[in-house]
Amino acid sequence: MRTMPGAKTVARYLADLEDAARGLPVRERRELIDEIRGHIAAALPPDGAHGEAEVRDVLDSLGHPEEIVRAAGAEPTQARAGAREIVTVLLVLLGGLVVPVAGWIAGVVLLWSTPAWTTREKLLGTFVIPGGLMGAFALTILPFDTGACSQIVIESGPITETATCAPSFPPPWLAWAATAAAVVAPIAVALYLLRTARAPARG
Amino acid sequence: MAQGDVLTQLRRGVIEYCVLALLAREKRYGFDLARGLGDMGALTVSEGTVYPILSRLRRDGKIAASWSESAEGPPRKYYELTDRGRLTLESFSDEWARFRTAVDAVINERNG
Numbered sequence: 024m025r026t027m028p029g030a031k032t033v034a035r036y037l038a039d040l041e042d043a044a045r046g047l048p049v050r051e052r053r054e055l056i057d058e059i060r061g062h063i064a065a066a067l068p069p070d071g072a073h074g075e076a077e078v079r080d081v082l083d084s085l086g087h088p089e090e091i092v093r094a095a096g097a098e099p100t101q102a103r104a105g106a107r108e109i110v111t112v113l114l115v116l117l118g119g120l121v122v123p124v125a126g127w128i129a130g131v132v133l134l135w136s137t138p139a140w141t142t143r144e145k146l147l148g149t150f151v152i153p154g155g156l157m158g159a160f161a162l163t164i165l166p167f168d169t170g171a172c173s174q175i176v177i178e179s180g181p182i183t184e185t186a187t188c189a190p191s192f193p194p195p196w197l198a199w200a201a202t203a204a205a206v207v208a209p210i211a212v213a214l215y216l217l218r219t220a221r222a223p224a225r226g
Numbered sequence: 002m003a004q005g006d007v008l009t010q011l012r013r014g015v016i017e018y019c020v021l022a023l024l025a026r027e028k029r030y031g032f033d034l035a036r037g038l039g040d041m042g043a044l045t046v047s048e049g050t051v052y053p054i055l056s057r058l059r060r061d062g063k064i065a066a067s068w069s070e071s072a073e074g075p076p077r078k079y080y081e082l083t084d085r086g087r088l089t090l091e092s093f094s095d096e097w098a099r100f101r102t103a104v105d106a107v108i109n110e111r112n113g
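Protein chains in written order, with this note's numbering: chain A, 24 to 226; chain B, 2 to 113.
Worth flagging that the hints you see were computed from the coordinates, not collected in a lab. The structure presented is a predicted model; accordingly, all values stated were derived computationally and were not measured. Just so it is clear, CB atoms sit at the ideal spot from N, CA and C, and this is done for glycine as well. Careful, some of the hints might be misleading.
[What the hints assert, rightly or not] Pair ranges (Cβ atoms, derived):
no.: 1; chain 1: B; residue 1: Ser69; chain 2: A; residue 2: Gly74; range: 44 to 52 Å
no.: 2; chain 1: B; residue 1: Val104; chain 2: A; residue 2: Ile128; range: 54 to 62 Å
no.: 3; chain 1: A; residue 1: Arg93; chain 2: B; residue 2: Arg101; range: 21 to 29 Å
no.: 4; chain 1: B; residue 1: Asp61; chain 2: A; residue 2: Ala201; range: 32 to 40 Å
no.: 5; chain 1: B; residue 1: Ser94; chain 2: A; residue 2: Thr142; range: 42 to 50 Å
no.: 6; chain 1: A; residue 1: Val122; chain 2: B; residue 2: Pro75; range: 28 to 36 Å
Kindly produce the complete structure, drawing on both the sequences and the hints.
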């Protein structure tokens with residue numbers, strides 16, 4: 024498919040609109056973006072015989088995304104994590120390691136008291152994994168005996184047999200895999216939260 | 002208050018009723034309404050702001066939306082007044098007439 028002139032400009036405008044409209048309920052936001060997209064399509068000749076300049080004219084007439092979001096009764100947001108959001112994520116992830124339990128709880132309190140994430144994102148941040156990295160270590164490394172097994176030495180006369188003991192359950196490889204997954208999960212969630220944070224826009 | 006601010010505030014107060022008025026005679030496409038409002042002199046607003054207003058009016062039951070098939074391209078959405086919207090528009094017209102007269106009288110007072 025031939026790339027329409029101005030397609031990138033339109034895509035960027037719609038992305039800006041989506042970013043600014045995160046304060047709107049999901050359904051309203053999608054409806055708004057669909058309507059704006061339809062408007063742009065209706066404003067440009069259907070056969071693609073338009074230039075970049077025309078596209079910019081149409082977008083200028085539409086107006087700044089923040090203005091449109093304000094008309095919808097919401098405060099425009101930016102798709103970025105501000106200082107407060109970063110501190111929150113760090114506390115949730117690492118707080119338990121610095122000040123066990125209390126550090127993590129502080130992070131969770133901050134997490135739930137900000138509008139920067141949706142409820143679903145907050146639930147994800149709280150329960151994957153409870154306690155953050157502290158919780159991950161507590162849940163996986165401690166219960167599993169992945170250390171060396173004691174060896175049983177049988178001496179009978181001139182013959183010395185050493186029998187290695189059976190590995191404890193679960194098998195070491197499974198325990199390590201579970202630990203790895205439990206450590207990676209909260210880190211992945213933390214990165215995800217940083218990416219989807221929407222700090223209130225200034226001005 | 003700066004000049005631009007006064008107009009912005011006034012506009013915000015009446016813009017919904019103006020959209021209703023634009024639909025008083027016939028149903029219209031969202032795109033037409035956006036362009037129409039963009040063209041109205043002192044009422045000029047950025048065209049994109051019409052869409053949230055249309056959403057709100059629809060949620061309030063003052064306008065209804067339908068889709069119509071289009072020969073070239075995707076189906077287009079058009080809007081029409083509901084009975085409730087018509088009532089709202091009528092009562093606004095009355096209020097506006099009274100308001101306009103009162104403000105004019107006070108403003109003209111100062112010219113003696």
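Hint-by-hint comparison with the structure:
Between B/Ser69 and A/Gly74 the beta carbons are some 30 Å apart, a value that contradicts the proposed interval 44 to 52 Å. Distance hint for B/Val104 and A/Ile128: a CB-CB separation of about 57 Å, consistent with the stated range 54 to 62 Å. Checking the proposed 21 to 29 Å range against A/Arg93 and B/Arg101 shows it holds: the Cβ atoms sit about 27 Å from each other. About 54 Å separates the C-beta atoms of B/Asp61 and A/Ala201, a value inconsistent with the hinted range of 32 to 40 Å.
Distance hint for B/Ser94 and A/Thr142: a CB-CB separation of about 43 Å, consistent with the stated range 42 to 50 Å. Taking the beta carbon of each, A/Val122 and B/Pro75 are about 56 Å apart, not inside 28 to 36 Å as hinted.
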